[in-house]
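Heads up: the protein sequence lines correspond to chains A and B, in order.
Count the first sequence with our numbering and you get residues 1 to 253, in order.
Count the second sequence with our numbering and you get residues 1001 to 1200, in order.
There's no promise every hint is true.
[What the hints assert, rightly or not] SDA-like mimics (lysine to any residue), calculated; alpha carbons at most 20 Å apart, straight line: (1) A/K42 / B/D1185; (2) B/K1024 / B/L1011; (3) A/K2 / A/G17; (4) B/K1017 / A/V109; (5) A/K239 / B/D1185; (6) A/K42 / B/G1110; (7) A/K2 / B/P1019; (8) A/K42 / B/L1011.
[Unchecked claim] Some chain A residues near chain B, calculated using beta-carbon distances under 8 Å: (9) N15; (10) G17; (11) D20; (12) G68; (13) L88.
Read the hints as simulated data drawn from the structure, not as lab findings.
All values reported here derive from a predicted model rather than from experimental measurement.
Cβ coordinates follow ideal geometry from the N, Cα and C atoms, glycine included.
Below are the chains, spelled out letter by letter.
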Amino acid sequence: MKLNVSPAIVLHHTNYGEADRIVTLLTPDNGRIKGFARNARKSRKRFGAALETFAEVQLHWTQRPGSGLVTFQEAELVSLRAGLRTDLDTLALAGYGCELTGVLFDETVGAAETFSLLKAFLDHLDVNGASDEARLLLELRLLSLSGYVPHLQHCAACDADLPAGPVGFSAARNGSLCEACGGGRMTLQVDRMTLGTLGRILQTPLNHFEGFRLSPLTRREGLALMAETLRHHLPSPLKSQSFMTALDSADES
Amino acid sequence: MLDSIPSFTRLVTELTKFPGIGSKTATRLAFFLLRQTSAEAEALAGAILDLKRHTRFCSVCYHITESDPCQICTDSARDDRLLCVVETPQDLLAVERSHSFRGRYHVLHGALSPLDGIGPNDLKIPELLQRLQPGEIDEVLVATNFTVEGDATALYLARQIQQSGIRVTRLAYGIPMGSELEYVDEATVNRAIEGRRKID
């Protein structure tokens, strides 16, 4: 059997039986791969902490023809990103990023740009901690890479320029809508300037997370727009999102 | 061939439900039980039934017990002002084996997991917070595992408990006793270097 070697980021793992683990990782050339790590919980010498969620590793694996699951032979730890585990909001947002990436990119095809984006996102959180800007940038760029990014700068229905001020938005109709196409019945209203900022963010390099300072209005409207778009495209709500909501509720109480 | 012996196949089927027991091991165990005397087999069956009939979770710390509250919660020699939080009853036993902790315990029965959607209300966290009356407890030692889930749980507990002015501590990271540095993984060495101490 051919031994494959690639950089990889651990997206999720599930304990299996007494000592094994089923691990899902993202690789640049093979996309999302899922496999079996035998004795991962028993023998610390073979995998150690390398298969912990968020870790970046040099992964060695084999795959039987026709089998969906690969078998992990070895994982050399490149970065554990221990900084993600020193703050609860950061850890929760990193988990959300990994889950969202895994759901939007569930195929074993090349994902070099997605890998680069997730790596930069996790590295940024590792050093700077959680922020609305980091979340917004990741969501917008993941939607763009997966082909789900909504129309922002022009009307999604007639391609007309959008007026200044509040603009209607519908994920079901694929983006912003002018007054004539939206008919004033949109549940989500977003300022034209917010749409412009989101459009400009899409022009920036994928792995660039530093130096973005967004106004409270842009953050609030941008996150609402992303939430509406993701709700429309995702098959079910993300578990990590429910977790973040539970944390917010606990903080409020 | 063994299909013609229903009682044997039934036992094998039940044994394969045990963690780490496959059909081959289950068959070996079934043959072993076949060779035992009736009294020995009844003793085993009785022990399993006794376990199910008489054990429950302690209503204070949620460790397994036959009497409620459990022996640890009623032991007057223990320090009431020190509380150790663990994920599972097995973790409690591991701490007890060290003979280095003489406070009380609280078993969470799991750990927070953002990616599996396991939140505070899915664990015995509300019961823990209810137990922590200011002025009665000085320190909570969080002894959850050193996994992403264990760290998430420790961070959450620290955030909730510190508000009431109680000191929250975490077990130290480090190289296992008796191990050779050459065979320890990079992450553990990294944490051990970060947490190095002056030799007095």
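Structure-based check of all given hints:
1. At most 20 Å may separate the alpha-carbon atoms for a hinted pair to count; A/K42 and B/D1185 meet this at roughly 14 Å.
2. Of the pairs offered as hints, the one joining B/K1024 and B/L1011 holds, with about 13 Å between alpha carbons and a cut-off of 20 Å not exceeded.
3. Of the pairs offered as hints, the one joining A/K2 and A/G17 is violated, with about 27 Å between alpha carbons and a cut-off of 20 Å exceeded.
4. At most 20 Å may separate the alpha-carbon atoms for a hinted pair to count; B/K1017 and A/V109 exceed this at roughly 37 Å.
5. The hinted pair formed by A/K239 and B/D1185 fails the criterion: a straight-line CA distance of about 31 Å is larger than 20 Å.
6. Taken as a hint, the A/K42 and B/G1110 pair is honoured in the structure, with Cα atoms around 19 Å apart against an allowance of 20 Å.
7. For the hint linking A/K2 to B/P1019, the alpha-carbon distance of about 32 Å lies beyond 20 Å, and the restraint is violated.
8. Straight-line distance between C-alpha atoms of A/K42 and B/L1011 comes to about 28 Å, which puts the hinted pair past the 20 Å bound.
9. Evaluation of the A/N15 hint against chain B yields a violated restraint, the C-beta minimum of about 10 Å exceeding 8 Å.
10. The interface hint given for A/G17 holds, since its Cβ lies 6 Å from the closest Cβ of chain B, which is under the 8 Å cut-off.
11. Of the supplied interface hints, the one on A/D20 is violated, with its beta-carbon coming no nearer than about 10 Å to a beta-carbon of chain B, more than 8 Å.
12. A hinted interface residue such as A/G68 counts as satisfied when its beta carbon comes closer than 8 Å to some beta carbon of chain B; here the least separation is about 20 Å, so the hint is violated.
13. For A/L88, the interface hint holds, since its Cβ comes within 8 Å of a Cβ in chain B; the closest pair sits about 4 Å apart.
Going through the hint list in order, the structure does not satisfy hints 3, 4, 5, 7, 8, 9, 11 and 12.
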